[in-house]
Amino acid sequence: MEPPFPAGLTLSMAAAITTPLAVTHRAAALPRATHDAAWVRWLLTGIALLFVGFFLALPLAAVFTEALRRGLGAYLASFRDPDALAAIRLTLLAAAIAVPCNLVFGVAAAWAIAKFNFRGKSVLTTLIDLPFAVSPVISGLVYVLIFGLQGWLGPWLQDHDLRVIFAVPGIVLATIFVTFPFVARELIPLMQAQGNDEEYAAITLGAGGWQTFWHVTLPNIKWGLFYGVILCNARAMGEFGAVSVVSGHIRGETNTMPLHIEILYNEYNFVAAFAVASLLALLAIVTLVLKTFIEWKHAAARGDVS
Amino acid sequence: MSIEAHHIRKTFGRFTALDGVDLQVPRGKLVALLGPSGSGKTTLLRIIAGLERADPDGRILFHGEEVTHMPAGRRRVGFVFQHYALFRHLTVFENIAFGLRVKRRRERPGESEIAARVRGLLALVQLEGLDRRYPHQLSGGQRQRVALARALAVDPKVLLLDEPFGALDAKVRKELRRWLRRFHDEIHLTTVFVTHDQEEALEIADEVVIMNQARVVQVGTPQEVYDRPASPFVYQFLGNVNVLAGPALGDLPGQHAAAVRAANGHIYVRPHDIEVARYEAGAPGIPAVIRHLHAAGPLVRLGLEQVQSREGVEVETSRAVAEDLHLQANDLVLLRVRQSRSFAEDYHI
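Residue numbers (our numbering), protein chains in the order written: chain L, 1 to 306; chain W, 1 to 349.
Watch out, some of these pointers could steer you wrong.
As the list claims (entries may be wrong) - Taking lysine-lysine and the DSSO-like style, the derived pairs with C-alpha atoms no more than 30 Å apart in a straight line are:
| hint | chain 1 | residue 1 | chain 2 | residue 2 |
| --- | --- | --- | --- | --- |
| 1 | L | Lys115 | L | Lys222 |
| 2 | L | Lys222 | W | Lys103 |
| 3 | L | Lys297 | L | Lys115 |
| 4 | W | Lys29 | W | Lys103 |
| 5 | W | Lys103 | W | Lys157 |
| 6 | L | Lys115 | W | Lys171 |
| 7 | L | Lys115 | W | Lys174 |
| 8 | W | Lys171 | W | Lys29 |
| 9 | W | Lys174 | W | Lys29 |
Note that these hints are calculated values from the structure, not bench results.
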């Protein structure tokens with residue numbers, strides 16, 4: 001006799017998969033040999049939930065608890081500090097420059113890599129991954145070595161009264177470098193999977209290069225592009241290491257939000273530190289919601305095609 | 001408009017896709033480029049369209065006018081892709097209108113004219129009422145016809161189709177290719193289509209261009225290439241064939257003897273060109289034993305093994321003959337060759 005299917009598993013699967021009916025039917029029909037014992041399932045599910053709770057949910061809750069420890073008034077007061085406002089402005093500025101730069105670069109690189117064959121293509125593909133591979137601190141140091149006072153271009157910049165390191169340009173450069181792969185990496189596999197036929201079709205119909213890009217390529221990649229952009233943005237606003245090296249930590253001038261949080265925390269100003277941190281946490285939540293939405297739209301669009 | 005291609009070579013690294021190909025497509029004809037995969041037929045079609053460049057000194061002429069260096073968008077070719085390549089984010093209407101909308105402003109027709117053109121094309125390909133659908137809401141055959149309508153919207157002078165029926169199931173494929181033939185008879189647009197299916201090429205083309213290993217190996221009407229194949233490759237490619245070795249053919253009719261000697265003792269015989277008779281000692285014919293007998297369909301297919309050489313032979317015969325002779329597996333029979341081909345140069349096929 002087949003024992004009745006345990007209700008707990010059915011429920012957890014139903015929660016995880018959007019077509020619970022089909023799944024439970026199929027699972028129920030499986031031979032006994034493919035079932036794991038109940039305690040194994042409970043143990044694995046338990047470990048996963050504990051892990052998620054401990055490493056993701058708990059810190060997130062802690063951020064908001066700490067930020068609101070002295071009440072809403074103290075929380076909001078933290079944002080009236082001019083240094084906090086300056087940090088928020090600088091973070092927004094850096095992201096506002098870095099994200100469009102990487103958007104343009106990412107689309108161009110993905111277009112070149114996915115649609116054309118050329119010498120050095122594999123080198124370019126590897127280089128795009130470089131910012132993911134090196135420590136952000138090194139990314140920052142590279143800019144110090146190039147633009148710093150003792151760096152290659154330092155004396156020349158000094159002579160012309162230009163500041164890159166310990167100033168906004170350095171922060172923007174470091175942010176661009178660190179967030180460089182997000183858009184390109186998102187688009188390359190997508191564009192490769194779509195192939196070139198639609199573009200060729202547009203060309204035989206008389207469309208020029210730009211027309212083909214705007215009317216054929218871009219609509220096909222828009223969800224992937226949007227996804228890459230929000231991930232890029234999340235990282236641009238949250239970057240700490242590389243920006244820390246080039247920033248110089250000048251209060252009200254070269255501190256971004258993550259740097260500002262660190263300073264406040266080191267000064268035992270916990271409420272203010274967690275208040276600013278809560279903004280970044282909110283950004284993460286908004287990013288995840290957008291990401292889920294895009295994946296859902298994208299899956300719908302892709303499912304239609306095949 | 002006629003199409004001419006001269007000395008077309010195309011290499012991809014060390015791989016030679018086309019090795020000095022010449023092609024003439026007379027005006028208003030429906031021509032099939034037929035060959036196995038890797039024979040270069042699609043590359044040739046793409047070079048004609050301008051989607052690929054031939055190596056230098058290859059030339060493409062449309063109606064006598066050189067278009068070798070003209071970009072694809074100005075050649076006025078309608079190109080239909082194997083997997084349709086419809087714009088997935090646009091409706092059927094917008095797909096067909098695309099070529100009109102991307103025209104330069106002074107050549108671009110007005111909105112009402114575009115709508116009229118699209119409706120006319122939808123009627124032509126028998127898809128009225130589907131203009132608001134998206135490509136993913138259409139069947140394979142419908143997508144193919146949308147792709148055709150889209151290609152025709154820009155009023156092309158030649159129509160090029162890459163494996164137009166390759167992605168369709170067998171029944172739709174047959175219907176659609178007959179439809180394409182009737183369609184061609186109505187609009188008389190010079191058309192080249194690529195296929196690896198000899199049945200398709202022989203059924204609808206005015207002329208068949210057979211390619212193999214980067215070269216054109218034979219050109220002719222379907223009947224010419226079927227009846228007078230120029231090489232063992234063509235003979236084999238256009239249908240099933242048996243290769244019989246000379247020594248087995250001791251009792252071959254006299255006129256074949258010389259040909260068989262010239263062909264190193266091999267002759268090529270179609271399965272339906274072999275007659276089966278009950279075995280009689282001393283009677284002419286190749287003794288063979290029936291190993292398999294498939295009677296599904298209009299013909300009876302026999303798989304036989306020659307008694308002397310033990311080599312296999314395939315024979316097709318009518319149901320009536322098979323029933324008259326009471327053919328059954330393991331029967332000993334005599335095979336008589338009605339018609340065969342031999343080729344002086346003996347290739348391995």
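Checklist entry - CA of lysine 115 of chain L to CA of lysine 171 of chain W, is that 30 Å or under? => result Given pair lysine 115 of chain L, lysine 171 of chain W is violated - Cα atoms ~35 Å apart, limit 30 Å.
Item to check | Proposed proximity, lysine 29 of chain W with lysine 174 of chain W (alpha carbon, max 30 Å) | outcome: holds, 20 Å
Checklist entry - Given the proposed pairing of lysine 103 of chain W with lysine 157 of chain W, does the C-alpha separation stay at or below 30 Å? => result holds, 17 Å
Item to check | Distance restraint between lysine 115 of chain L and lysine 174 of chain W, which requires alpha-carbon spacing of 30 Å or less | outcome: The given pair, whose Cα atoms are some 34 Å apart, is violated under the 30 Å limit.
Next on the checklist: For lysine 29 of chain W and lysine 103 of chain W, compute the direct alpha-carbon distance and say whether it is at most 30 Å.
Outcome noted: holds, 28 Å
Item to check | 30 Å limit on alpha-carbon distance, applied to hinted pair lysine 297 of chain L and lysine 115 of chain L | outcome: holds, 24 Å
Next on the checklist: Next pair to validate is lysine 115 of chain L with lysine 222 of chain L; report whether the Cα-Cα distance is within 30 Å.
Outcome noted: OK: lysine 115 of chain L and lysine 222 of chain L at ~17 Å, within 30 Å.
Item to check | Proposed proximity, lysine 29 of chain W with lysine 171 of chain W (alpha carbon, max 30 Å) | outcome: holds, 25 Å
Item to check | lysine 222 of chain L paired with lysine 103 of chain W [C-alpha distance capped at 30 Å] | outcome: holds, 24 Å
Checked against the numbered hints given earlier, this structure breaks hints 6 and 7; the rest are met.
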